[in-house]
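Enquirer: This is what each chain is made of:
Number of protein chains: 2
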Amino acid sequence: MFKVNDNYQKLPGSYLFSTIAKKVNTYSTANPDKSIIRLGIGDVTQPIAPSIIAAMHNAVDEMGNAATFRGYAPDLGYEFLRSAIAKNDYAARCCDISADEIFVSDGAKSDSGNIQEIFSVDNKIAVCDPVYPVYVDSNVMAGRTGTYDPKTEMWSDVIYMPCTMENNFVPEFPKETPDIIYLCLPNNPTGTTITKSQLQEWVDYANKNGAVIIYDAAYEAYISEDDVAHSIYECEGAKTCAIELRSFSKNAGFTGVRLGFTVVPKELKCGDVSLHAMWARRHGTKFNGAPYIVQRAGEAVYSDAGKAELKQQVAYYMNNAKTIKEGLKDAGYTVFGGVNAPYIWLKTPDQMTSWEFFDYLLENANVVGTPGSGFGPSGEGYFRLTAFGSYENTVAALERIKKL
Amino acid sequence: MFKVNDNYQKLPGSYLFSTIAKKVNTYSTANPDKSIIRLGIGDVTQPIAPSIIAAMHNAVDEMGNAATFRGYAPDLGYEFLRSAIAKNDYAARCCDISADEIFVSDGAKSDSGNIQEIFSVDNKIAVCDPVYPVYVDSNVMAGRTGTYDPKTEMWSDVIYMPCTMENNFVPEFPKETPDIIYLCLPNNPTGTTITKSQLQEWVDYANKNGAVIIYDAAYEAYISEDDVAHSIYECEGAKTCAIELRSFSKNAGFTGVRLGFTVVPKELKCGDVSLHAMWARRHGTKFNGAPYIVQRAGEAVYSDAGKAELKQQVAYYMNNAKTIKEGLKDAGYTVFGGVNAPYIWLKTPDQMTSWEFFDYLLENANVVGTPGSGFGPSGEGYFRLTAFGSYENTVAALERIKKL
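Protein chains in written order, with the working numbering: chain A, 1089 to 1492; chain F, 1089 to 1492.
Any given hint might turn out to be false.
Said to hold, decoys possible - Take a look, some chain F residues computed to stay more than 10 Å from chain A by CB distance:
no., residue
1, Lys1122
2, Ile1124
3, Gln1134
4, Pro1138
5, His1145
6, Asn1176
7, Lys1197
8, Val1300
9, Asp1315
10, Gly1344
11, Arg1346
12, Asn1376
13, Ala1393
14, Gln1439
15, Trp1443
What the hints assert, rightly or not - Covered by chain A, according to a simulated footprint, are these stretches of chain F (three or more residues, beta-carbon under 8 Å):
no., stretch
16, 1092-1100
17, 1207-1221
18, 1356-1367
19, 1379-1390
Think of the hints as simulated: they come from the structure by calculation, not from any bench. Predicted, not measured: the structure shown is a model, and the values here were computed from it. Glycine included, C-beta positions come from ideal geometry on N, C-alpha and C.
Extracted from the complex, chain A is given alone in its bound form:
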């Protein structure tokens, strides 16, 4: 008789955003006259930029012509895209990353979930708390996290690094040495980040302790301050301890287009074993490349026209972030983030729990946000709003919140 992977049964409840979707659905079914503004899930709203649309049309035409049709893509992704990434995201920032250290994928969520596969199940992970749920959940599924305590909402074999207003949202080196450290900077969900010199300390710590850093830089396009690193490879020694995950979802609005990439430096090894070779093997065995049309869209992100258009798009969302942050401050809220990231992290008022504030905001302002506790126990008492709505909706949502 076949048996299932019992680790799945350890997962409490369902995925955060599914729960939110169900709650919102229930409310809107009961209140069909209410106009709901969604500033919850980190989904973008601005259309794909014109030069990227043109590149996709062109690629679609190529697929319809026998002379230019493309079948299976190269395992690691097309050279044209990997070269554009190496040049623009790395060489331009003085990071020595070559095109063949870049693995093109269908998005950072897949990579975030899959990367743990190449590590031993005995390894111990460390995560910031609050944290993007995929890091922990994918490790639960692999059996790496021990048992779950519903009271503390913590896993026995996960090292949590609280990031709260008390430590200015900067993770501290844990007492117990982890094997794998997940860092998302600029951070989802808190919208905060750390300086390049603080990141250098993490790189030094990982190299000293034989840990590997999974560095999620999905929000790097939103960095506005000079002393913040766009890539972990700006830090000395990162190539021997860090894997970097990147997304096109937030810098180019590709949430529905699907494209991302992972950098695994060839210098990153465990004894004689190359992690680059392992990830290449995984890619070659369990993945068949991102669509040609989408890889051409990715290439257009790095064209001069694409860069100019996307700079405007990022500015549009960051203007929303400013609107939310200042609006909330005016309304008396304590707020964080929104300077180097498109997320605003607020302290819930009147000692409400995160889910109480979720319900309060949904019912009284018809605004959907994300409860901080959904990202981990230290997120309790906080709440996330995203800058990815339209400007009009963002302004309207803040008007409603101010009236509460």
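Go by the hints and put chain F onto chain A.
Expert: Same frame as chain A, now just chain F:
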């Protein structure tokens, strides 16, 4: 100090098609004047059909317009595509599969590799021999296959079901009862298949023994005979024992477009645990949907125009299959397949090994095929040619082979 997943180190050599690509590259570099015809990897060559191209252009335009832009897709895939699949692939064949039992993905290779994750690592798999390498390799990576014996080229904890000319390529029930049975029908690599009543026996066997069948129906569009099932759900009782994997790569030429789906019936359970719920959780945690543009392309596959165009495309490839099969027979080869599948499986002449024949064909006819032994020990002494080339190349390749 972090450690890696040691199971990866057990994998012998590199992925079959990477090895072939390297050998061909070496030969063509040394012989730049030779024109090589590739009938090796199962990649299509015909362009995407006009009505699908039109649907993609339309979807690209939608993505460029704020009013019609689409961000994250629903977890399981868009309703418009899942409904079209349920209606055309299942209801039309009297299979009771609902739209919400269908999970849209970025392709059957990903699903083939990932599906094992929801099962216990203690489960024992059975595979046909020869077999599509992803089934075995993904189980090796998960630690489910025991140790590898380089002499026999077999894993200690895998149950092999030889499919050779001696048993007419029909797998027999193994002596040891497996937990998970992989069946790819019509078969890659042999190009052969079994009748619907033979498949019913496998369904009965699985239900009786508490096994689950992973049924890969990637080639169903090539079925030409009436007594062959297009879906395992045509068999009675399949919904309590089978998961079906489907691809758009071969019926619609989507190898570079990337789309597939997996059916997990709600009735499929292990005790009280729903495999449908587990796969939904995996989808929700480690995947973020196939691109909107690609899902619209998939929808167009089921339009009247799309169906008519793809019927022609399948006929084109099956004419190639006939050309190869008859050409090889004329040249004195013993050949199989090519009737319900786009693959021709031939017995190597003069007791050559599969790789000897690969080199012989590459060097003397400049034709690339796939060595049967690359698909498993019982593939030794066989060789695969695909019908996915252009007609002109197919004819030219056969002319060269006949002259040997």
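Enquirer: Each hint needs a verdict: does it hold in this structure or not?
Expert: Each hint tested on the structure:
no. : hint      : in the structure
1   : Lys1122   : holds (22 Å)
2   : Ile1124   : holds (16 Å)
3   : Gln1134   : violated (7 Å)
4   : Pro1138   : violated (7 Å)
5   : His1145   : violated (6 Å)
6   : Asn1176   : holds (22 Å)
7   : Lys1197   : violated (4 Å)
8   : Val1300   : violated (5 Å)
9   : Asp1315   : holds (29 Å)
10  : Gly1344   : violated (4 Å)
11  : Arg1346   : violated (5 Å)
12  : Asn1376   : violated (4 Å)
13  : Ala1393   : holds (14 Å)
14  : Gln1439   : holds (32 Å)
15  : Trp1443   : holds (20 Å)
16  : 1092-1100 : holds (count 6)
17  : 1207-1221 : holds (count 6)
18  : 1356-1367 : holds (count 4)
19  : 1379-1390 : holds (count 4)
Hint violations for this structure: numbers 3, 4, 5, 7, 8, 10, 11, 12, all remaining hints satisfied.
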